[in-house]
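Let's have the full structure, built from the sequences with the hints guiding it.
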Amino acid sequence: MKLLKIIIGIILISKALFSLDIPINKVINIDIKLGDFSVVEFPFEIKGTNKATFIPHTKNVKDGEKTSVKKLISSNSSADSLTIKRGKNTFTFFPKKFGKLSLVVWGYKEHPVMLNLNVTSNDVSQYYRFVDYSEDLKDAGTFEATSHELTITRLMKYLFNNKVPAGYKNVTEGRQYKLGGLNFSLVTSLMGKKYRGDEWVVKNLGSDNVSLYEEMFYADGIYAISFEASRLKPLEKCRMFIVRKNVE
Numbered sequence: 001m002k003l004l005k006i007i008i009g010i011i012l013i014s015k016a017l018f019s020l021d022i023p024i025n026k027v028i029n030i031d032i033k034l035g036d037f038s039v040v041e042f043p044f045e046i047k048g049t050n051k052a053t054f055i056p057h058t059k060n061v062k063d064g065e066k067t068s069v070k071k072l073i074s075s076n077s078s079a080d081s082l083t084i085k086r087g088k089n090t091f092t093f094f095p096k097k098f099g100k101l102s103l104v105v106w107g108y109k110e111h112p113v114m115l116n117l118n119v120t121s122n123d124v125s126q127y128y129r130f131v132d133y134s135e136d137l138k139d140a141g142t143f144e145a146t147s148h149e150l151t152i153t154r155l156m157k158y159l160f161n162n163k164v165p166a167g168y169k170n171v172t173e174g175r176q177y178k179l180g181g182l183n184f185s186l187v188t189s190l191m192g193k194k195y196r197g198d199e200w201v202v203k204n205l206g207s208d209n210v211s212l213y214e215e216m217f218y219a220d221g222i223y224a225i226s227f228e229a230s231r232l233k234p235l236e237k238c239r240m241f242i243v244r245k246n247v248e
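Everything in the sequence shown is counted per full-length UniProt numbering, starting at 1 for the first residue and increasing by one.
Treat the hints as calculated values from the structure; they're not laboratory data. Please note that a few of the clues may not be correct.
Stated by the list, open to error - Here are the in silico distance ranges between beta carbons for each label pair: (1) V171 <-> T146: 30 to 36 angstroms; (2) G181 <-> T146: 45 to 51 angstroms; (3) P43 <-> V201: 28 to 34 angstroms; (4) E149 <-> V27: 39 to 45 angstroms; (5) V131 <-> L205: 49 to 55 angstroms; (6) G181 <-> S102: 56 to 62 angstroms.
To be verified - DSSO-like mimics (lysine-lysine), calculated; alpha carbons at most 30 angstroms apart, straight line: (7) K51 <-> K97; (8) K163 <-> K51; (9) K97 <-> K26; (10) K203 <-> K109; (11) K88 <-> K163; (12) K109 <-> K178; (13) K169 <-> K194; (14) K33 <-> K88; (15) K245 <-> K193; (16) K26 <-> K109; (17) K96 <-> K33; (18) K33 <-> K85; (19) K193 <-> K26; (20) K97 <-> K169; (21) K109 <-> K97; (22) K109 <-> K88; (23) K47 <-> K100; (24) K194 <-> K26; (25) K51 <-> K100; (26) K109 <-> K194; (27) K203 <-> K178.
Idealized CB from N, CA, C, for every residue including glycine.
Next comes the structure, spelled out in structure tokens:
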């Protein structure tokens, strides 16, 4: 049991770095891999669950397909089929057989959550983090509930200081573009309700000095552009900040 707790602790730390963020919903369907640990994290404290039933099958089964069931195994006697460890706001699963499991999870303020698990041999995410984006949007709406000009100024400051406004989501995309002897690398994006802030790194790949002007990059939906430097020598780089309309 102590070894299991240590393993689960390592899983929670390492796999969280590569988690799959999913909006919370009334019904959630996910795949977990046979013979490996999978973690499900909720944005609330788990208050209770139903008495779940594990339904075994002998092959990979997709959602909607019927299973060939020989017997039903209650969660109280399913140690030979599926190990479940419940944390404050997480479940850790270790399936030993192919099968399906449905859990009703209580604790979310809006409604109970139906978690449908399908055990597969496919390579799937092993850390699922469910996010309550409705709360984020409320906070983002509060941040943006000022004048248009003030919201732009504040978001620019957050970008410059590497901070994230309340309710905004920090997204790292890692995109790169080359244009006119310049290389543009997207560092991070701050995603709000109506506004989005992007931080880029601009590098001069040419052999001549390059002057940077905001007017060079304006387009529809872009509210403001700012550079750390107005002129780049060969191979020099600087940060560029863009505040624009958030289009999802």
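* To do: Sort out which numbered hints this structure fails and list those numbers smallest first.
  => 1, 2, 5, 8, 10, 12, 20 and 21
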